[in-house]
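Top line first, the protein sequences correspond to chains A and B. Residues 157 to 267 in this note's numbering are what the first sequence spells out, letter by letter. Residues 3 to 891 in this note's numbering are what the second sequence spells out, letter by letter.
Keep in mind the hints are simulated off the structure, nothing from the lab. No residue lacks a Cβ here, since even glycine has one placed at the ideal position from N, Cα and C. A couple of the hints might just be wrong.
Unchecked claim - Here are the simulated distance ranges between beta carbons:
no., chain 1, residue 1, chain 2, residue 2, range
1, B, Lys-95, A, Trp-219, 33 to 43 Å
2, A, Tyr-177, B, Phe-476, 19 to 29 Å
3, A, Trp-219, B, Met-437, 42 to 52 Å
4, B, Thr-499, A, Trp-219, 46 to 56 Å
5, A, Phe-165, B, Glu-367, 22 to 32 Å
Said to hold, decoys possible - Calculated cross-link-like contacts (lysine to aspartate or glutamate; reagent style EDC-like; alpha-carbon spacing at most 20 Å):
no., chain 1, residue 1, chain 2, residue 2
6, B, Lys-46, A, Asp-216
7, B, Lys-266, B, Glu-298
8, B, Lys-24, B, Asp-11
9, B, Lys-55, A, Asp-216
10, B, Lys-55, A, Glu-190
11, B, Lys-24, A, Glu-187
12, B, Lys-266, B, Asp-204
13, B, Lys-683, B, Asp-631
14, B, Lys-255, B, Glu-197
15, B, Lys-24, A, Glu-188
16, A, Lys-192, A, Glu-167
17, B, Lys-683, B, Glu-696
18, A, Lys-229, B, Glu-29
19, B, Lys-55, B, Asp-11
20, B, Lys-408, B, Asp-793
21, A, Lys-229, B, Asp-9
22, B, Lys-554, B, Asp-631
23, A, Lys-212, B, Glu-26
24, A, Lys-229, B, Glu-26
25, B, Lys-266, B, Glu-188
26, B, Lys-459, B, Glu-188
27, B, Lys-167, B, Glu-292
28, A, Lys-229, B, Asp-11
29, B, Lys-554, B, Asp-649
30, B, Lys-886, B, Glu-747
31, A, Lys-212, A, Glu-167
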Amino acid sequence: MGDYQLGEFEEIVLLTVAVLYDHAYGVSIKEEIEQKLGRKVSTGALQTALRRMENKGYLDTQWGEATSVRGGKRKKYFMVTPFGKKALDHVQESRQKLWKAIPKIAFDFGK
Amino acid sequence: MVNKQIDIDNTLVLRLLRRFIKPEYYEDIAGDLDEQINSYRIHKNLIFWWLWKEVILLLHPALLRPFFKFGKLKNSNTMLINYLRIASRQFKKYKMNTAINLIGLSTGMAACILIFLFVQDELSFDRHHEHAEDIYRVTVQNFDTDGAMNRHWAFASAGHAERLKADYPSITHAVRFFPWAFPDLEYGDQRFPGEPVIFADDDVFDIFSFPFLLGSPETAFNDIFSLVLTEESAIRIFGNDWAEQDLLEKTLKLTARGQEFNFKITGVMEDMPDQQHFHFEYLAPLRLVEQAMGEETMNNVGGNYNWLTYIRTAPNADMASLTESAVGFWEKYVDPIRGRPSSDFYKFQFQPLLDIHLRSNLEGEYETNGSIDQVYIFSIVGILLLIIACVNYMNLSTSHFTRRLKEIGVRKVLGSGKSALVTQFLVESTLITIMSLPIALLLVWLALPAINDFLEKSLTLNLIDNYLLILTLFSLLAIIGLLAGLYPALFLSRLGTVQSLKGKLAASPSKWNFRSVLVTVQYAVVLGLIFALTVIESQIDFIRTSDPGYRKEAIIDLPLSRSMENLETFKTQLLSYPNIEAVAYSSRIPTGRLMDSWGARFFKGDEAVDLDFRLPGIMVDEDFLDTYDITLAAGTDFQRQMDTFADSIGYYIINRSAAEALGYPNPNDIIGENISYGPYKGRIYGVTEDFHFESLHSPIVPMVMMKSSSRLRRASILVNTQRLPETLQHIESTWADFDPVNPVEYRFVEDRFEDQYVQEQRLSQMINVFTVVAILIGCLGLVGMVGFLIDTKTKEIGVRKVLGASVANVLGLIGAHFTILIGVAFVLITPIAYYLMNDWLETFVYHIDMGVLIVLLPVVIVMVITAFSIGFQTLKAALDNPVKSLRTE
């Protein structure tokens with residue numbers, strides 16, 4: 157049915173937003189990815205992915221508190237929408253399907 | 003709590019972000035950046051760079067606000083495609099026009115790219131050294147008694163480096179380079195005579211960055227008999243596979259001044275890059291020379307300026323105050339001269355390393371330097387050519403605007419705004435600019451080998467690593483696309499809708515519109531270039547044909563090797579050959595420089611007076627004046643047996659300038675008077691007419707010739723140019739009899755003479771090429787322009803002819819238009835060009851005057867060129883049957 161477009165990086169970002177649950181905002185998402193997956197993330201790449209998914213409806217946003225460390229600027233929290241959840245499910249399912257379809261012998265490097 | 007907040011909101015980079023990013027995204031993104039900085043996650047020193055990097059990466063289309071209002075309309079891409087399609091149809095339909103535009107733009111661009119490569123290369127000299135900013139060359143200025151600067155040496159004395167370093171704490175390193183005795187070098191049974199081994203102080207590797215391929219700078223000079231090669235010299239001695247030969251285990255035998263040394267190879271450096279103001283192939287520790295020359299020589303602080311010396315200072319040292327306090331150096335180490343402190347006569351000047359190549363042209367520069375003037379001249383010419391090419395495009399596209407009238411009208415009626423029309427024409431100009439780029443690059447690629455050969459450079463068109471070049475290319479595209487397209491775009495979009503639809507020429511009611519201004523600019527540039535060329539060519543011609551006062555034809559200059567003995571026999575042997583007419587020995591020859599002035603005194607009766615002017619000189623034998631055909635104004639030539647050094651008595655001939663400077667306007671009166679030069683008191687035997695020993699850049703100065711039989715290391719051989727190969731053969735075989743070791747090397751004095759003006763000839767040829775390019779582009783523009791002019795005047799011509807005007811009248815009508823434009827351009831450009839060229843001529847002491855002819859010649863040339871380019875079309879229009887032109891509607 158639905159045509160869920162989700163790139164590899166977008167998938168990671170979306171999952172991370174889910175992991176962080178109610179305090180997923182720019183810096184925390186960035187650091188989470190950098191720590192857990194050990195890859196460098198530029199603000200630009202992250203924000204691009206976030207806003208795209210927001211436009212697609214995978215993510216919802218909500219303004220958060222402003223702190224002095226942020227120079228008085230508010231955070232924007234991201235939350236996964238039900239539609240976003242569906243997209244993640246879809247990705248997982250398609251992967252699963254493929255995994256299941258692999259004949260045992262394909263990975264039998266024994267011999 | 004963080005107490006020390008860094009406020010980034012008002013930095014340029016954040017303002018940039020705010021300007022370009024969608025407003026609803028700004029707050030939290032900027033907040034994120036803020037948070038990362040202020041929670042110390044970014045190192046303090048890196049914040050600036052990090053911020054820029056992050057913001058640039060944020061400029062992603064998904065986050066940016068829309069640039070153009072019409073971008074919101076979904077059809078912006080469709081319109082763009084439409085513009086491109088129309089443009090390509092235009093290009094196809096008017097092939098001639100397109101070709102002219104392509105040729106014009108690509109030639110202009112190619113010239114610009116070449117000039118860019120040249121300028122980039124010139125400006126990159128010596129920048130590769132890590133400490134380039136802190137390296138200075140120590141040079142010494144020498145002043146007259148009355149305070150005027152007399153000499154400025156690129157070299158210092160042997161004792162300077164060490165003392166400067168010790169006395170001034172801001173000088174952290176100092177190095178001297180000394181080419182001691184070019185030794186013969188032996189490896190196994192191979193022999194390399196006279197290799198340029200340069201001896202340097204240990205600091206050399208702390209001052210200059212010479213990357214090592216083998217060995218390391220730290221250990222290179224540990225031993226006094228160390229020798230560092232460069233890749234080039236390693237290949238010369240050990241062959242291409244030197245890297246496999248374990249060079250660090252090998253020794254080389256050096257022979258110099260009858261001594262033999264075994265040198266251990268301690269390293270191989272990369273070849274010194276072309277963009278460096280000196281090139282050495284071997285470096286060895288100067289300590290050896292110190293031992294060989296002895297302490298007295300090495301401690302010399304007031305003379306013997308032969309030591310190329312560089313210092314490295316602490317970063318950002320205050321050079322002004324260093325120069326100031328270095329005055330004390332002279333007072334400390336050099337005794338007062340004639341009762342005045344030595345600092346009145348000598349002064350250090352510390353030349354920044356980065357200025358040496360372009361801004362220094364001192365006596366005895368290590369290699370020929372470039373000149374900043376040349377860089378300026380070429381940069382200006384490059385910009386001018388670019389302007390001409392753009393002007394050309396503007397002219398052509400506006401000239402043919404009638405073709406586009408209907409199209410513009412229809413577009414307007416269908417609701418095209420002015421900005422949409424402007425965009426359309428800018429797209430067109432950008433498209434054609436982009437199309438010219440590959441052609442331009444091809445032209446550059448084709449021209450580079452010749453240019454490199456000519457400039458003795460190795461410029462390359464490196465489109466992968468040369469970021470600056472790539473950036474330049476893109477800016478060229480942008481600038482040309484915009485500059486060339488803007489005027490046509492504005493002009494065409496301004497046309498009234500109704501008139502456009504009707505196809506009526508409502509525009510340009512006045513004859514003298516902006517297009518005329520453009521053509522005038524083109525004319526001015528071309529006039530200026532031709533003017534410059536005329537002046538340079540006339541000056542070069544003046545030099546070539548002016549009589550230097552000595553014979554330069556058919557004389558061979560043969561520098562004698564150290565091992566050459568028995569010069570008298572050598573001369574006799576040479577002269578035994580019928581085609582050799584004369585042989586003369588001297589210490590230096592005309593086309594070179596005169597020897598430094600020795601202290602001289604003139605005797606009036608018994609009273610000796612110090613000379614108050616410089617009296618440089620040379621040492622010659624009795625055949626010198628005859629061989630060079632230098633005329634004696636009074637007195638007699640030298641006798642063979644006279645020998646200043648052997649007899650300790652001076653034998654002198656001076657030139658007329660010297661006689662006049664001594665107060666004898668009539669040369670006959672000074673014959674027999676006494677002069678002492680250095681330690682030798684003696685008679686003046688003759689006075690020669692003045693001749694240009696040095697180039698025409700410098701004035702003829704008073705000089706003295708001293709007769710001697712030793713210290714004459716150059717032979718000048720006057721030959722009969724018939725059967726030259728055999729004569730040269732004879733010289734070579736005679737040489738081999740006297741010096742079997744060293745190869746014979748000779749040059750014609752005439753070639754040396756030409757070499758003195760090699761810079762000027764280069765300049766002239768370069769300007770020549772650029773002038774041709776400018777004229778070519780300019781002519782293309784004229785052809786287009788006159789087409790337009792005739793288009794608009796078809797009716798007028800028809801009416802005039804019907805009313806009885808002759809073909810000549812009609813030609814005059816068109817011609818007058820261009821004549822006025824040329825006239826205006828002439829009035830505008832001549833004063834500027836005259837001023838600039840006058841400046842250039844002043845670099846010669848002997849130069850031509852710019853007469854009426856030189857000033858008017860460019861105008862005549864331009865008139866003729868114009869007549870040729872517009873003549874055909876104009877004639878055709880004038881000859882056309884008026885009935886035909888009147889009938890067209």
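Worksheet item: Holds or violated: are the alpha carbons of A:Lys-229 and B:Glu-26 at most 20 Å from each other?
Response: holds, 13 Å
Practice prompt. Verify the proposed pairing of B:Lys-554 with B:Asp-649, using a straight-line Cα cut of 20 Å.
Written response: violated, 32 Å
Discussion item. Within 42 to 52 Å: is that where the Cβ-Cβ distance between A:Trp-219 and B:Met-437 falls?
Written reply: About 51 Å separates the Cβ atoms of A:Trp-219 and B:Met-437, which means 42 to 52 Å holds.
Fill in: Distance restraint between B:Lys-167 and B:Glu-292, which requires alpha-carbon spacing of 20 Å or less
holds, 17 Å
Worksheet item: Does the structure keep B:Lys-554 and B:Asp-631 at a Cα separation of 20 Å or less?
Response: Holds: B:Lys-554 and B:Asp-631 sit about 9 Å apart, inside 20 Å.
Discussion item. Hint check: B:Lys-55 vs A:Asp-216, CA-CA at most 20 Å. Holds or violated?
Written reply: This hinted pair is violated, its Cα atoms lying about 28 Å apart.
Discussion item. Tell me if the straight-line CA distance from A:Lys-229 to B:Glu-29 falls inside 20 Å.
Written reply: holds, 6 Å
Worksheet item: If you draw a straight line from the CA of B:Lys-255 to the CA of B:Glu-197, is it 20 Å or shorter?
Response: holds, 12 Å
Discussion item. Please verify whether A:Lys-229 and B:Asp-11 have alpha carbons no more than 20 Å apart.
Written reply: holds, 10 Å
Worksheet item: Taking only the CA atoms, is the gap from B:Lys-266 to B:Asp-204 under or equal to 20 Å?
Response: holds, 16 Å
Worksheet item: Taking 20 Å as the top limit, are the C-alpha atoms of B:Lys-683 and B:Glu-696 close enough?
Response: violated, 26 Å
Item to complete: Measure nothing beyond the straight line between the CA atoms of B:Lys-55 and B:Asp-11; if it is 20 Å or shorter, mark the hint as holding.
Response: Distance ~16 Å between B:Lys-55 and B:Asp-11 Cα, so the pair holds.
Figure legend: structure checked against the earlier numbered hints; hints not met, in rising order: 1, 2, 5, 6, 7, 9, 11, 13, 15, 17, 26, 29 and 30.
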